[in-house]
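Visitor: Respectively, the protein sequence lines represent chains E and B.
Numbering (this note's numbering) for the first sequence: 1 to 169.
Numbering (this note's numbering) for the second sequence: 1 to 205.
Please note: incorrect hints may appear among the correct ones.
Partner residues aside, some chain E positions facing chain B, computed with beta carbon under 10 angstroms [claimed, not checked]: (1) Ser-2; (2) Thr-64; (3) Gly-68; (4) Ser-71; (5) Ser-96; (6) Val-97; (7) Glu-104; (8) Val-107; (9) His-114; (10) Arg-126; (11) Gly-131; (12) Glu-134; (13) Ser-138.
The set of hints was computed from the structure by calculation and includes no laboratory data.
Just so we're clear, the structure is a prediction, and the values are computed from it rather than from any experiment.
Glycine is no exception: its CB is placed at the ideal position from the N, C-alpha and C atoms.
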Amino acid sequence: MSLHDDLLDQARELKTTDARRPRQVNLRRAVSAAYYALFHLLVAEATRLYVRDNWELAAKLGRTFNHGEMSEATRGFANSQVPAALQPVGIPGFPSVDLKLVAEAFVSLQQHRHAADYDLAREFTRAEVNGFIEQVESAFIAWDRIKTSDEARLFLGCFQLWKTWNKAR
Amino acid sequence: MALDEFWRDIRRAGRQTGPSTISGPSGDRQMYLDLWLTPAVVGSFREDDFSFLPAEERAELTAAVTHFRQVAGRVAAGRPATPGEVEQGKAALLGIVRLLDFDRYQDAESFRLGKKVEHRLRDREWPPLLDHLRFESGSDHAGFPALWVWAYLSAAASDSDEQVKRSAGLLRPILREAAREVAPERFPYVSFRSVSDPVVEGASR
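Isolated chain B, as found in the complex:
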């Protein structure tokens, strides 16, 4: 699916903006290969694949992709990108990465479903106890399709163990209902965290 492909291409490109280690007869060298700075990185983008986004968000993403395509397109074939082109390219790629928000959506499907859940909540009224949500899709331990939802409680909604319990009790049915409406074929696993919790590097869930 084109959305999956675009997602993977952007994630891969984001990791390639740093130096690569090249092994040769005289040892390892660090080189900037700029393999990511090419219009092909956004080649699988189709605006129609993002019809689940509100018009404004879709337009913003399309504009970011167009901008990156233009910057990458200026790099002549057969020569390395100039430092100026690399910096422009990084800024343009970062614009796309910011919109896809890989920290909050672990995969393309959870981006699609997560956005729909969030919009459903905003349409009704965003729960004031809730700071933000994070999502991941996949199969659970029994092999059934699942959607994991991490609900980050605001500081006030999580300032004590009892407050966390009260917040969880209030929010769980709301979040489960929204997730069920958006993805009835997936079992929603809802967990609660606090915005005050320390960030755990490398642990998505």
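The following block holds chain E by itself, in its conformation from the complex:
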């Protein structure tokens, strides 16, 4: 199994580790694992745009992606904002419902992960974490539907080229 699949499994396990009263440490780690599952799925897909047969090279390339740049690009897509250089858009319905779902999930889970790791005043419940895991699971399914499309490749390209592609010409 891939790292992103394992991380999603880990999130599911952590969420149910405590049979009765879930401990905050496990719920928080579950939120973090769910976010990183989606992060690593998208990084793996973005890396595959360039490298498919050399695992070591792919791993090094994967390290060049950062949360901040990915956040900026996904936030744009979640807000239905098409990069300026790609307008007027030649892909009907771009961004699609599925792509928006993936982008929204990434932005949302990044925020929830931040709270899980740093906001000690925040309390998480099992139901809440269930909802976050469901959001990532839905994003995985939505991504699978569109991953071979032009819009998916453009989306992945934006992780590193958002600033360049978003400049008005």
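Assemble chain B onto chain E, guided by the hints.
Guide: Relative to chain E, chain B alone:
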């Protein structure tokens, strides 16, 4: 903004209805100062600031404010309020606090936006899976304007992990759409809880 000021004044007044600790040469004393029992507490109220409320709710809030103003206005200057006046004042203030519902709306802006989201849902059809909503506004970790929405699922909609997931999957797009329509400049962060979850004191979110 007057709405913010009114919100803060009522929250502050609500905390002052208990005893205050006064430190003096002979030690600490508990005293009821009744600083909250004055018409000035509702001085920043403007009915127009609540135009986002339906007419009936706005009228109810205005009536509660008017009632408190009348009760507080009867307390003569230069003397402490009588126990009867304090009890009347507390009841009147509680009437306002109940309508502002600080448990469900963490700040004035989330009260304004939250009410609009709820009315939008009721206009279409209140989702039966949903018991109630709670809101908070602010900036997210990246500094962007945000609206946090906690959707409390009914007991039936959250009686198992799988049921919570199904409910979340159904409700999330509905809630996000409503929040986007009401506040397009704010990213909506939607979380799901169950009405069966134990209440966590002091943790707003």
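Visitor: For each hint, tell me whether it holds in the structure or not.
Guide: Against the structure, the hints come out as follows:
1. At about 22 angstroms, the closest approach between the beta carbon of Ser-2 of chain E and any beta carbon in chain B exceeds 10 angstroms, and the interface hint on this residue is violated.
2. A least Cβ separation of about 20 angstroms between Thr-64 of chain E and chain B goes past the 10 angstroms threshold, and the interface hint is therefore violated.
3. Look at Gly-68 of chain E: its Cβ gets to within about 8 angstroms of chain B, closer than 10 angstroms, so that hint holds up.
4. About 6 angstroms separates the beta-carbon of Ser-71 of chain E from the nearest beta-carbon of chain B, less than 10 angstroms, and the hint is met.
5. The interface hint given for Ser-96 of chain E is violated, since its Cβ lies 14 angstroms from the closest Cβ of chain B, which is over the 10 angstroms cut-off.
6. At a threshold of 10 angstroms, the smallest CB-CB gap from Val-97 of chain E to chain B is about 9 angstroms, leaving the interface hint in force.
7. Because the smallest distance between the Cβ of Glu-104 of chain E and any Cβ of chain B comes to about 7 angstroms, under 10 angstroms, the interface hint for this residue holds.
8. Hint on Val-107 of chain E holds. Least Cβ distance to chain B is approximately 6 angstroms, under the 10 angstroms limit.
9. Checking His-114 of chain E against chain B by beta carbon gives a least distance of about 4 angstroms; that is within 10 angstroms, so the hint holds.
10. The beta carbon of Arg-126 of chain E is positioned within 10 angstroms of a beta carbon in chain B (closest approach about 7 angstroms), and the interface hint is therefore held.
11. Against a cut-off of 10 angstroms between C-beta atoms, the interface hint on Gly-131 of chain E holds, since the closest Cβ of chain B lies about 4 angstroms away.
12. Residue-level restraint check for Glu-134 of chain E holds (minimum Cβ-Cβ distance to chain B is 4 angstroms; threshold 10 angstroms).
13. For Ser-138 of chain E, the suggested interface contact is upheld, since its CB lies about 6 angstroms from the closest CB of chain B, less than 10 angstroms.
This entry does not satisfy hints 1, 2 and 5, going by the numbered hints stated previously.
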